[in-house]
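J.: Start from chain E and add chain S according to the hints.
2 protein chains.
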Amino acid sequence: MSGKPTPHDIEEGRLLAPKFDASGLVACVATDATTGDVLMVAHMNADALKRTIETGEAWYYSRSRQSLWKKGESSGHVQRVVEMRVDCDQDAIWIKVEQAGPGACHTGRRSCFYRAVPLGKAGAVTLEFREGKTFDPKTVYDK
Amino acid sequence: MSGKPTPHDIEEGRLLAPKFDASGLVACVATDATTGDVLMVAHMNADALKRTIETGEAWYYSRSRQSLWKKGESSGHVQRVVEMRVDCDQDAIWIKVEQAGPGACHTGRRSCFYRAVPLGKAGAVTLEFREGKTFDPKTVYDK
Chain E
1 MSGKPTPHDI EEGRLLAPKF DASGLVACVA TDATTGDVLM VAHMNADALK RTIETGEAWY
61 YSRSRQSLWK KGESSGHVQR VVEMRVDCDQ DAIWIKVEQA GPGACHTGRR SCFYRAVPLG
121 KAGAVTLEFR EGKTFDPKTV YDK
Chain S
144 MSGKPTPHDI EEGRLLAPKF DASGLVACVA TDATTGDVLM VAHMNADALK RTIETGEAWY
204 YSRSRQSLWK KGESSGHVQR VVEMRVDCDQ DAIWIKVEQA GPGACHTGRR SCFYRAVPLG
264 KAGAVTLEFR EGKTFDPKTV YDK
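Quick note, the sequences are listed as chains E and S, same order.
This note's numbering puts the first residue of the first sequence at 1, with every later residue one more than the last.
This note's numbering puts the first residue of the second sequence at 144, with every later residue one more than the last.
Because the hints were derived from the structure by calculation, they are not lab data.
Please note that the accuracy of each hint is not assured.
Computed cross-link-like contacts, EDC-like style, restricted to lysine to aspartate or glutamate with a CA-CA straight-line distance of at most 20 Å [to be verified]:
no. : chain 1 : residue 1 : chain 2 : residue 2
1   : E       : Lys121    : S       : Asp190
2   : E       : Lys138    : S       : Glu155
3   : E       : Lys4      : E       : Asp21
4   : E       : Lys50     : E       : Glu73
5   : S       : Lys264    : E       : Glu83
6   : S       : Lys264    : E       : Glu54
7   : E       : Lys19     : S       : Asp164
8   : E       : Lys138    : S       : Asp152
9   : S       : Lys281    : E       : Glu12
10  : E       : Lys133    : S       : Glu155
11  : E       : Lys70     : E       : Asp32
12  : S       : Lys162    : E       : Asp21
13  : S       : Lys162    : E       : Glu128
14  : S       : Lys264    : E       : Asp47
15  : E       : Lys4      : E       : Glu128
16  : S       : Lys193    : S       : Asp164
17  : E       : Lys133    : E       : Asp32
18  : E       : Lys138    : S       : Glu154
19  : E       : Lys121    : S       : Glu197
20  : S       : Lys281    : E       : Asp47
21  : E       : Lys138    : E       : Glu73
22  : S       : Lys276    : S       : Glu226
For reference, chain E alone in the conformation it holds in the complex (with noise of 0.2 Å):
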């Protein structure tokens, strides 16, 4: 194969060939590789999906701070890369890890997603916490 990968190529094929958006990233998915729950959704560029593969630890891109991220680089929490999976169309990776320590999320909990939305009804939405904090993100983060 020369040139441009088909639309073929990409889903069919067994090339790696992410496609990344305007801003050079794509998103990922990390799961908990025992329970399976989402513990978060964020992007990785080009260098962060390679440092990813190479070392078996996750590194995203941080659209806020605009660098390149080592998961728990400052609180300690790195995920080790069990599985990596990508999608159809090479725009979203899934990882499957082990999360070092209490949790992923900033805010202190396992997941990210410590939200539900209750379904069924129109208008204003109440939101229903499902997890508690399982650790202090200041004393975590803030060294």
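T.: The following block gives chain S in isolation, referenced to the frame of chain E:
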């Protein structure tokens, strides 16, 4: 509370206040409510999110077709939402779904994440197929 929600309101409050991006979208991860596997990652605009909440079935916004889209509207492979979660900064949604029919992926597979990315190697990456086709997309979509 009046006016624009603060970061604290967004992270610790009970008000659903989705942070749509410049294109008016949030990312949505759909996982299989039974197996926990990630089925797909797609996007929702405000209307898709509202309809999903009200109907309990997954609606998305197609960036390529630039239109609202009910999952399964042409294939019959609808997604009944068992639970919806929102993340800390409210720019991502997680839905646990019961996937109707043989799969979620337009390529004819159960999940869009049917290829694994091997870890621990530098250089070119060869994907490994982990899921075969469960239906023929031609007969399902080209009607």
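J.: A separate judgement is required for each hint: does it hold in the structure or not?
T.: Tested hints:
1. For a cut-off of 20 Å, the pair hint linking E/Lys121 to S/Asp190 stands: about 14 Å separates their Cα positions.
2. A threshold of 20 Å between alpha carbons decides the hint, and for E/Lys138 with S/Glu155 the separation of about 15 Å falls inside it, so the pair holds.
3. Distance hint between E/Lys4 and E/Asp21 is fulfilled; the C-alpha atoms sit about 16 Å from each other, no more than 20 Å.
4. A distance of roughly 17 Å separates the Cα atoms of E/Lys50 and E/Glu73; the hinted pair therefore holds under the 20 Å criterion.
5. Note on S/Lys264 and E/Glu83: the hinted pairing holds, with a Cα-Cα distance of about 13 Å set against a maximum of 20 Å.
6. This hinted pair checks out: S/Lys264 and E/Glu54 have alpha carbons roughly 5 Å apart, not beyond 20 Å.
7. Under the criterion of a C-alpha separation no larger than 20 Å, the hint pairing E/Lys19 with S/Asp164 is consistent with the structure, at around 19 Å.
8. The hinted pair formed by E/Lys138 and S/Asp152 meets the criterion: a straight-line CA distance of about 18 Å does not exceed 20 Å.
9. A threshold of 20 Å between alpha carbons decides the hint, and for S/Lys281 with E/Glu12 the separation of about 15 Å falls inside it, so the pair holds.
10. Straight-line distance between C-alpha atoms of E/Lys133 and S/Glu155 comes to about 11 Å, which keeps the hinted pair within the 20 Å bound.
11. About 17 Å separates the Cα atoms of E/Lys70 and E/Asp32, which keeps this hinted pair within 20 Å; it holds.
12. With a C-alpha separation of about 19 Å, the suggested pair S/Lys162 and E/Asp21 falls inside the 20 Å cut-off, and the hint holds.
13. Of the pairs offered as hints, the one joining S/Lys162 and E/Glu128 holds, with about 18 Å between alpha carbons and a cut-off of 20 Å not exceeded.
14. Between S/Lys264 and E/Asp47, the direct Cα distance comes to roughly 14 Å. Compliance with the 20 Å bound is thereby established for this hinted pair.
15. Our distance criterion of 20 Å between C-alpha atoms is broken by E/Lys4 and E/Glu128, whose separation comes to about 47 Å.
16. Taking the CA atoms of S/Lys193 and S/Asp164, the gap is near 16 Å; set against the 20 Å cutoff, the hint holds.
17. Under the criterion of a C-alpha separation no larger than 20 Å, the hint pairing E/Lys133 with E/Asp32 is consistent with the structure, at around 17 Å.
18. Among the hinted pairs, E/Lys138 with S/Glu154 is consistent with the structure: their alpha-carbon atoms are about 15 Å apart, no more than 20 Å.
19. Between E/Lys121 and S/Glu197 the alpha-carbon distance is near 5 Å, which keeps this suggested pair within the 20 Å criterion.
20. With a C-alpha separation of about 37 Å, the suggested pair S/Lys281 and E/Asp47 falls outside the 20 Å cut-off, and the hint is violated.
21. Of the supplied pair hints, the one linking E/Lys138 and E/Glu73 holds, its CA atoms being roughly 15 Å apart against a limit of 20 Å.
22. Between the alpha carbons of S/Lys276 and S/Glu226 the distance comes to roughly 27 Å, so the proposed pair goes past 20 Å and is violated.
When held up to the earlier numbered hints, the structure conflicts with 15, 20 and 22 and fits the remainder.
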